[in-house]
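J.: The residues making up each chain are set out below.
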Amino acid sequence: MSSEFFIPDPEGQVPSAEGYFGAYGGKFIPEALVAAVDEVAVEYDKAKADPEFARELDDLLVNYTGRPSALTEVPRFAEHAGGARVFLKREDLNHTGSHKINNVLGQALLTKRMGKTRVIAETGAGQHGVATATACALFGLDCTIYMGEIDTQRQALNVARMRMLGAEVVAVKSGSRTLKDAINEAFRDWVANVDRTHYLFGTVAGPHPFPAMVRDFHRVIGVEARRQLLERAGRLPDAAVACVGGGSNAIGLFHAFIPDASVRLIGCEPAGHGVETGEHAATLTAGEPGILHGSRSYVLQDEEGQITEPYSISAGLDYPGIGPEHSYLKDSGRGEYRAVTDDAAMQALRLLSRTEGIIPAIESAHALAGALEVGRELGKDGLIVVNLSGRGDKDMDTAARYFGLYDEGTDAEVAANAADTAEIEGDAK
Amino acid sequence: MSGNIQLLSDTLAAAKAEGRSALIAYLPAGFPTVDGGIAAIKAVFEGGADVVEVGLPHSDPVLDGPVIQTADDIALRGGVKIADVMRTVREAFEATGKPVLVMTYWNPIDRYGVERFTAELAEAGGAGCILPDLPVQESALWREHAEKHGLGTVFVVAPSSKDARLAEITAAGSGFVYAASLMGVTGTRESVGAQAQDLVERTRATGSGLPVCVGLGVSNAEQAAEVAGFADGVIVGSAFVKRMLDAPDEAAGLDAVRELAGDLAKGVRRSA
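Chains E and V, in that order, give the protein sequences.
Under the working numbering, the first residue of the first sequence is numbered 2, with each subsequent residue one higher.
Under the working numbering, the first residue of the second sequence is numbered 1049, with each subsequent residue one higher.
Only chain V is shown next, with the shape it has when bound in the complex (with noise of 0.2 Å):
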């Protein structure tokens, strides 16, 4: 079966005939356990999400901070293995009917083989693959069997990114554009940078017509909000995984994603 590419554009599409702003909620796949890490999926989507990225965990995950290193720890601890991932997607996709995409570096797909990878994923259902350390120049293999399977690539983009560079990014891309709201990892930030509204005005004048997606430090509805006033998606990872951290067992951990989902699907609603 083919991927659900058309389901992600679909449902972005939806959210702009709405006048608002997506929610894009990040989660590690076998955190804190594989059914614990889909019932939290299943809880995000309940709260409000309207996309999941399931984070595919790494030994190796240069692109994080503290918070999603410790759950990746935990989870590869716990022996999360890349069809546990695809059983995650399977089971969020099936029971919400909404995109799902995975989230991870490149040498685990490399590895695994990239035909294998895009086959099981389109197969479970995914929506395609943001893989943040396989810049668009290295990119042509993995986009020949994405496109196959019917599987978009959202590439990041970030502030330090040159015009010229983003309209070769965006003419590559499919989906949205993952536009770094700051130069860092992954993590809360107290505010997010004025840099992303620049990052999302020059990459929309790209004219690739790409909804642009704000990612990078979001935390709380306020700040979803003042995204929501010039992206097209918000995306938070690391304020949900802080809350499956911080709670005492895993209903509580469920209850807080479920919530903070809710907190930022209505900021999402509110632009500022």
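If we strip away everything but chain E, and leave its shape as in the complex, we get (with noise of 0.2 Å):
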């Protein structure tokens, strides 16, 4: 049979047996993983091809997390990006909030094939902990969530929620206490308990098989807005854009457009204070090819191989690698990578959330504020989907700092801001 949302890459594409996509990718791990990493593969293997997977997957896509997630154009919002039509994939209404349900609810039940009874996975703006949480909760598994202690800190609520949802929730207080110090912590946890644990990798980074098969997971947001958009606009987009952290939901947007020769992939990293600061973490703008975290892929990283600190304002973008495939499309040109400062980002929060009703996470935000770009860019011919890959609940107390929402709030930081606001508001119009 064949499944509706779960819709893995068509066979006799990249990556290779051994994981390459091009030159990035491979599987660099200590040896007491091999075999654990191998049975992952095989096991992914099988379950592709037993028709009984995608039945129950697509019974959870659908009845759980509530597929197909609705494609919104948004012509209030458009009117900033020079006139483009712009629509929003709206992965932000999945169950959770955030794209990252997909990837979940699949590796999840790969878990149950496999017999484990522990999951385990980092998290950076929770909503991967969120959602791993969840689907334990779901399946009755024992579940540790590792986070970096910054990152608990302006996430908050999501600890809040892992916890209520039965997780444990680990504060990482290692290096630079986010995101890439909590995958580290995982990896040393599935090291001493990969016998009944299962990593639940969040991102398509990692050692192989988990770009291929977090993308496979997540490839349905393509395949579904490409069908909506022939649907609706009659034809397909001139740009996908999604913003690019480790890469997950770029990436599934991206997958189903990349035969199309026409629409361009445009990924939006997080450039921080500015790419020239040195406080960004504009890993394909600014890095160099590398190994972090089990693959060959651009890294932030000085002359010796030491790993740099990223900083964004948004946890889930705040990494110094890159999802492997990301860096054969940058190599390949087939994908654009474009950096979007904190402030940008969080000038597109607000006019979404104040031009249609909908209030996107700071990590959506990138990809809207590049959306605002490229459609300048376009001219009123244009035609952009966006992916708004997650809501934004968990960082409303980031952005009522940033904006000073809160009644007592008005320090100079936050007058700061206001003065950039009405410059930046002035170019959009």
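Everything labelled a hint here was simulated from the structure, so no lab data went into it.
A hint or two may mislead.
Cross-link-like lysine to any residue pairs, in silico, SDA-like; alpha carbons within 20 Å at most [said to hold, decoys possible]:
(1) 1210(V) / 194(E)
(2) 1210(V) / 197(E)
(3) 174(E) / 1293(V)
(4) 1196(V) / 1160(V)
(5) 331(E) / 286(E)
(6) 1129(V) / 176(E)
(7) 113(E) / 37(E)
Using the hints, put the two standalone chains together into the complex.
T.: In structure tokens form, the structure reads like this:
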């Protein structure tokens, strides 16, 4: 049978049997994990070929997640995008509030098939952690989530959600205390507990088969968006735009459009305070090829291979690596990657909220800011689809401080931001 | 000049000829300072270590527990560079004439350049490398340059490694095989897992003839004696680093690691 919502990449595409997308990918893992990672690859191949797996996953994606997700045209927002038509792929409307649930349900089913009883995961913004804790509650699996200490503070709501769902949340205090360090700690746990534990990796990075498998679980985003756009707009978009941290929502949107040469695939990286300041997480813009977390890809690093500490206002994009398929798309020229500052993303967040009544996640707001730029470049005949990968509820504390929305909050920083705001809004009109 | 893989093999063979296991110590370069790290390595050689692994600190040591993470962090904050690691290897080797390996993650070498790194390490008198996140199937480029420069490639095997894979690894490796005593990261443990002996036996059964040395979790003379009962070498890392971290000053730290090396050297000579 063919599945409607679990739509893995057709055979014959990248990666290679060894997990390489051109020069990127592979399996740079400790020997202790080789058997477990191989088991995931074998089990995933079996699952792909098993109609029962597709049936079970389809049922969950429809009746639990709420797929297909809506495609919403946003004309009032698009007035600021040079008059181009803009559609949002509403992954924020999925159960748990982001695209992350697509991959989590697939890997949770795989965990059951492997007979493992415990799941660990890393999380940045907490959206992958919440989705994982949700699936573990649903399937009765033990769940431990690793989260950088800084992220537990700026995404406190999601920490509470994970704990409500029964997960143990470990605040990681090593290194930069963000997503990278959460992944390090999850790997350490996995090495020690691999017998009964599956590492439910949350993005399209990591060792093979994770980049290909996680992509396959998110591929439905682009497949749906492509079909919905053909129905609604009568043609393919000129550009598909998504934010990229590790790159899972972006590859999910892009992948179905790769054969459509007329569709530009545009990834928006976090420029933080500006790429030139060094305080950013724009890996493809400013990084060099290297190895981080099990695969070769672009990495933010110094000349001696030490990983540099990234920065972004967005916890979900605050990562010095990137999935290997994005590195491949960048080098081949099929993908375009540009950097979006904290300020531009926050302006886009507020603009969408006020023009369309949709509060996006700060991660997704980077894609919206990119879409405003791309729209102005394309002009009024342009047609853009943006992956609205998550909702912004979790970010209200950060946004309230940024914009001075709390009653007592009007410090100098907020005032300075307000000045920037006026400038950017002026540009938009 | 060519690297010292032969010295490493000869040293392990000499220990075997004496009817004992070799003692292999690990200390990171640049910890607590570059010169302090060199002094610590000399101290563990004085105490009785046969081989030393010099850690090249990495920002993301995913296979290390809290003790070595802390030491790496101190070294990196102190600004340790690959040139400092090379100086550490050179001074440790020249002062003792004993085999000195480098242990690190793959990215620093990949970024620095494999040819440049292997040439410099051989020139400094190094014996080879242990690269725990470079599994055998990704290692062809490294091995090509290591062999060219007379450097050994010590692969790690784990209790989870299947027999066919052990054969593949021992066929590609040189110097010795690093058998991880348990599934986990570096750090001291109360006991060394029973899986260690099984792993050593399965690794020897590949017939490669490479010495099999056991690491992870060994911290005292009793454990060293126990492991020496079935392995060709005993590898101790975190216990040395912890002595340095716990010492009130550098001189006391040097005394502490020298003393621990002495205890462990006795341990490997009275195999249980």
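J.: Between the alpha carbons of residue 1210(V) and residue 197(E), is the straight-line distance 20 Å or under?
T.: holds, 18 Å
J.: Given the hinted pair residue 331(E) and residue 286(E), is their Cα-Cα distance within 20 Å?
T.: Within the cut-off at roughly 10 Å; holds.
J.: Has the given pair, residue 174(E) with residue 1293(V), been kept, meaning a C-alpha gap of at most 20 Å?
T.: holds, 19 Å
J.: Has the given pair, residue 1129(V) with residue 176(E), been kept, meaning a C-alpha gap of at most 20 Å?
T.: holds, 18 Å
J.: Please verify whether residue 1210(V) and residue 194(E) have alpha carbons no more than 20 Å apart.
T.: Holds: residue 1210(V) and residue 194(E) sit about 17 Å apart, inside 20 Å.
J.: Taken at face value, is the distance from the CA of residue 1160(V) to the CA of residue 1196(V) at most 20 Å?
T.: Roughly 18 Å separates the two Cα atoms, so the pair holds.
J.: Between residue 113(E) and residue 37(E), does the CA-CA distance stay at or below 20 Å?
T.: Holds, at about 14 Å.
In this structure, none of the earlier numbered hints is contradicted; all agree with it.
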